[in-house]
Amino acid sequence: MSEDAQITLPVLGMTCANCVASVERNAKKVEGVHNATVNYASEKVSLDYDPQTTDIQLVVERIGRAGYKVPTATVELPITGMTCTNCANTIQRRLNKKVPGVLNAEVNYATEKATVEYVVGAVSRADLYAAVRAAGYDVVEVSDEAEAEDLEAEARAAEVRHQQHRLIVGVIFTLPLFLLSMARDFGLVGHWAHATWVNWLFLVLATPVQFYVGWDYYVGAYKSLR
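Each residue of the sequence shown is one higher than the one before, counting from 1 in our numbering.
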């Protein structure tokens, strides 16, 4: 039995303890994953897994099907020193098998480039460079390392903007619904507030709050049962 390896993956979209349990449960369903622990505060899941049997790509897909997202990115690395397709295959195999967090790597001998899809925050450019050099070849280091490191932050910022938009929509529809319904219940408005059309207005105001603003919670509740 091979020794367990560890990897930490960022996970976006968790909103409660049920989400944490769902991510942990789904990650552990992947073959070779022996333990999965979610840190809700940092939005990361730490895995103990058998590197011989576990495909991290399957973990990412499983978490995605549960309703959450592991941010990924793709980078092209210019490779030097290749003389044949076997060289390309050697580098490709090294990147896919020896770098935890690499989801897929393809090396094109004709263009002398490696296209690597990886989990943001779990793999650095330095890890990729080291893997290529360990295979006996060299790589032209690209200059946007800082940009690559910011991808996780950008993904989290996009998630925050999405939630802020839902909050604004919720306030726009909830505030008039709350004020009018409370005013009617306490007799602060006229008899017109008891008309049938007002009840329909309440329905119109409540519907986007329930099924747009609150949609993630319904989905999360369903996913947590899986």
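Hints listed in this document are in silico derivations from the structure and should not be mistaken for laboratory results. Even glycine gets a Cβ: it sits at the ideal position worked out from N, Cα and C. Careful, some of the hints might be misleading.
Listed next, the in silico SDA-like pairs over lysine to any residue satisfying Cα-Cα at most 25 Å (straight line) [said to hold, decoys possible]:
no. : residue 1 : residue 2
1   : 113       : 100
2   : 28        : 99
3   : 69        : 46
4   : 113       : 138
5   : 98        : 67
Across the chosen pairs, the derived CB separations fall in these ranges [stated by the list, open to error]:
no. : residue 1 : residue 2 : range
6   : 182       : 115       : 34 to 44 Å
7   : 29        : 115       : 42 to 52 Å
8   : 104       : 52        : 16 to 26 Å
9   : 74        : 165       : 24 to 34 Å
10  : 37        : 69        : 44 to 54 Å
11  : 179       : 129       : 37 to 47 Å
12  : 181       : 25        : 55 to 65 Å
13  : 46        : 188       : 25 to 35 Å
14  : 200       : 69        : 14 to 24 Å
15  : 115       : 18        : 36 to 46 Å
16  : 182       : 34        : 47 to 57 Å
17  : 15        : 204       : 25 to 35 Å
18  : 64        : 111       : 23 to 33 Å
19  : 200       : 29        : 28 to 38 Å
Here's how the hints hold up against the structure:
Of the supplied pair hints, the one linking residue 113 and residue 100 holds, its CA atoms being roughly 20 Å apart against a limit of 25 Å. About 21 Å separates the Cα atoms of residue 28 and residue 99, which keeps this hinted pair within 25 Å; it holds. In summary, the hint linking residue 69 to residue 46 is supported, as the alpha carbons are separated by about 15 Å, within the 25 Å threshold. Pair hint residue 113 plus residue 138 holds up; C-alpha atoms about 11 Å apart against a cutoff of 25 Å.
Between the alpha carbons of residue 98 and residue 67 the distance comes to roughly 29 Å, so the proposed pair goes past 25 Å and is violated. Between residue 182 and residue 115 the CB atoms are about 58 Å apart, so this pair departs from the stated range of 34 to 44 Å. For residue 29 paired with residue 115, a C-beta distance near 29 Å fails the hint of 42 to 52 Å. Distance hint check: the CB atoms of residue 104 and residue 52 are about 18 Å apart, consistent with the given range 16 to 26 Å.
At about 27 Å, the beta-carbon gap between residue 74 and residue 165 stays in the expected band of 24 to 34 Å. Distance hint check for residue 37 and residue 69: the Cβ-Cβ separation is about 19 Å, which falls outside the suggested range of 44 to 54 Å. For residue 179 and residue 129, the Cβ-Cβ distance of about 60 Å falls outside the hinted range of 37 to 47 Å, so the restraint is violated. Our hint of 55 to 65 Å for residue 181 and residue 25 is violated, since their Cβ atoms are close to 39 Å apart.
Distance hint check: the CB atoms of residue 46 and residue 188 are about 54 Å apart, inconsistent with the given range 25 to 35 Å. Checked against the hint of 14 to 24 Å, the C-beta distance between residue 200 and residue 69 comes to roughly 37 Å, which is inconsistent with it. Roughly 37 Å separates the CB atoms of residue 115 and residue 18, a value that falls within the hinted 36 to 46 Å. One distance hint, 47 to 57 Å for the beta-carbon pair residue 182 and residue 34, holds here, with the actual separation near 53 Å.
Hint check: residue 15 to residue 204, Cβ distance near 26 Å, so the stated range 25 to 35 Å holds. Range check, residue 64 to residue 111: about 30 Å between beta-carbon atoms, so the 23 to 33 Å window is met. The hint said 28 to 38 Å for the Cβ distance between residue 200 and residue 29, and at roughly 45 Å that hint is violated.
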